[in-house]
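K.L.:
Sequence:
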Amino acid sequence: MLLAGSFLFLQACSQKQPAEAASTAPAPDFMYQYSIIDALLAGVFDGNLTLGELKTKGDFGIGTFNRVDGELIVDQGKVYQISHDGSIHEMADQDSTSIAFVKFFKADTSFMVKNTELGQLEKDLMAALPANEMYAIRMKGHFSKLTSRAPGPAKKPYPTLKDHLAKAQYLFNLTNTRGVVVGFLLPGYLAKVNVPGFHFHYLADDHKSGGHIFDFTATELTVEIDKIKGYSVELNTNADFDKISLDKDRQEELKKIE
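Sequential numbering of the sequence shown, starting at 0, is according to numbering that gives the first Met the number 0.
Errors might be hidden in some of the hints.
Claimed, not checked - The list that follows gives simulated cross-link-like pairs (lysine-lysine, BS3-like), each with its CA atoms no further than 25 Å apart: (1) Lys242 - Lys191; (2) Lys54 - Lys166; (3) Lys191 - Lys255; (4) Lys166 - Lys247; (5) Lys54 - Lys77; (6) Lys113 - Lys139; (7) Lys242 - Lys122; (8) Lys166 - Lys191; (9) Lys154 - Lys255; (10) Lys242 - Lys154; (11) Lys155 - Lys255; (12) Lys139 - Lys105; (13) Lys144 - Lys228; (14) Lys105 - Lys77; (15) Lys54 - Lys144; (16) Lys166 - Lys155; (17) Lys122 - Lys191; (18) Lys254 - Lys122; (19) Lys122 - Lys228; (20) Lys113 - Lys144; (21) Lys54 - Lys228; (22) Lys226 - Lys77; (23) Lys226 - Lys191; (24) Lys228 - Lys139; (25) Lys207 - Lys139; (26) Lys255 - Lys161; (27) Lys144 - Lys207; (28) Lys228 - Lys166; (29) Lys155 - Lys242.
Just so you know, the hints here were simulated from the structure itself, not pulled from any lab data.
Work out the full structure, taking the sequences as your base and the hints as a guide.
P.N.:
So, in C-alpha cells, the structure goes:
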C-alpha cells in the first residue's frame, strides 16, 4: 500500500511546470536509447556502442550486452551484468551493448511504500501518472520474494529473441533480498521502438543476485520518480541492423517474454 501523502507527490510529479527563461533553464532531461526493441526481437544481438560511451549518456538505465549475454543495469554511474548463472559483474568501459536505455537520474518526487506486490504498485502508478508521459523509476528496499531472469549468450546465426529465450532463459526465485530496482514506465505509442509499460531490472545490494524482474513482493520500498521530457534514439550501428526486416508486428512476442 502507498503511505499517506504518496499520491500528493505523484500528482505533483504529473503536473506540467511553466517554462523558465532560456538563460536559467536546466539541461534537457532526456532519455538516450541505443538501438530499438524490434531489432533485438528480430535477432540483432550485437552492437558497436561501448559501455564507456553509454555512461556519457546517462548514469541510470537498463539493457543487455552483445550476444544477449545477461541483463544490463546501470545504477549510480556503474554498469553491471547479471549473468545467466546468477553472478554479478561490474563491466569494463570497452565492453559493448546491443541495446540500452539510459538517462541521468534526478528524482522529481519520492515516497515510501509498504507491503505491496509489483502488480498492485504498477496499477497505483498507472492510475496516478498521465499515460502519455515517460518516467524513469528507481526503487530501493527489501523484498520478501522476487522472481527474475537472465539469458545465456546466443550463438550465430542468431535466432529471434523469443526463440533464444525459450532455450536460454534462466529463472531466479529470490527470497529475503535487499537491493535496487531500475527501470522505466513508457507510453504505448513507443511500441516497436521501446518496451511500452513497465520494464524493470534488479540488483541486490550484496551483488550476488539480480536480473530482469517478472514479479516481487516488497515489505518496504523507497520509490523515486524522474519525469522524462523526451528521448533520443541512436540506431544500432552494427551491420546486422540493415540485414533484417522491421516490418513485422512483434508486440505479441514482446508480451510473452516481458
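K.L.:
All the hints need checking, so say for each whether the structure fits it.
P.N.:
Here is what the structure says about each hint:
Of the supplied pair hints, the one linking Lys242 and Lys191 holds, its CA atoms being roughly 17 Å apart against a limit of 25 Å. Only pairs whose Cα atoms come within 25 Å are accepted, and Lys54 paired with Lys166 is rejected, the gap being roughly 31 Å. Distance hint between Lys191 and Lys255 is fulfilled; the C-alpha atoms sit about 15 Å from each other, no more than 25 Å. With a C-alpha separation of about 22 Å, the suggested pairing of Lys166 with Lys247 holds against the 25 Å cut-off.
Taking the CA atoms of Lys54 and Lys77, the gap is about 8 Å. The hint holds against a cut of 25 Å. With a C-alpha separation of about 12 Å, the suggested pair Lys113 and Lys139 falls inside the 25 Å cut-off, and the hint holds. Taking the CA atoms of Lys242 and Lys122, the gap is about 39 Å. The hint is violated against a cut of 25 Å. Using a Cα cut-off of 25 Å, the hinted pair Lys166 and Lys191 holds, with the two alpha carbons roughly 24 Å apart.
Only pairs whose Cα atoms come within 25 Å are accepted, and Lys154 paired with Lys255 is accepted, the gap being roughly 22 Å. Taking the CA atoms of Lys242 and Lys154, the gap is about 17 Å. The hint holds against a cut of 25 Å. The suggested pairing of Lys155 with Lys255 holds, with an alpha-carbon distance near 23 Å, which does not exceed 25 Å. A hinted pair counts as satisfied when its Cα atoms are at most 25 Å apart, and Lys139 with Lys105 qualifies at roughly 15 Å.
A threshold of 25 Å between alpha carbons decides the hint, and for Lys144 with Lys228 the separation of about 33 Å lies outside it, so the pair is violated. With a C-alpha separation of about 16 Å, the suggested pairing of Lys105 with Lys77 holds against the 25 Å cut-off. Between Lys54 and Lys144 the CA atoms are separated by roughly 31 Å; this puts the pair beyond 25 Å, and the hint is violated. With a CA separation close to 14 Å, the supplied pair Lys166 and Lys155 stays within the 25 Å bound.
Between Lys122 and Lys191 the alpha-carbon distance is near 23 Å, which keeps this suggested pair within the 25 Å criterion. Of the pairs offered as hints, the one joining Lys254 and Lys122 holds, with about 17 Å between alpha carbons and a cut-off of 25 Å not exceeded. For the hint pairing Lys122 with Lys228, the CA-to-CA distance comes to about 22 Å; that is within 25 Å, so the pair holds. For a cut-off of 25 Å, the pair hint linking Lys113 to Lys144 stands: about 14 Å separates their Cα positions.
Straight-line distance between C-alpha atoms of Lys54 and Lys228 comes to about 19 Å, which keeps the hinted pair within the 25 Å bound. Taking the CA atoms of Lys226 and Lys77, the gap is near 21 Å; set against the 25 Å cutoff, the hint holds. Proposed proximity of Lys226 and Lys191 is supported: the alpha carbons are some 22 Å apart, at most 25 Å. Distance check on the hinted pair: Lys228 and Lys139 sit about 24 Å apart at the alpha-carbon level, within 25 Å; holds.
Distance check on the hinted pair: Lys207 and Lys139 sit about 16 Å apart at the alpha-carbon level, within 25 Å; holds. Only pairs whose Cα atoms come within 25 Å are accepted, and Lys255 paired with Lys161 is accepted, the gap being roughly 8 Å. With a C-alpha separation of about 15 Å, the suggested pairing of Lys144 with Lys207 holds against the 25 Å cut-off. Between Lys228 and Lys166 the alpha-carbon distance is near 38 Å, which puts this suggested pair outside the 25 Å criterion.
For the suggested pair Lys155 and Lys242, the alpha carbons sit about 14 Å apart, so the restraint of at most 25 Å is met.
Of the numbered hints given earlier, the model fails hints 2, 7, 13, 15, 28; all others are met.
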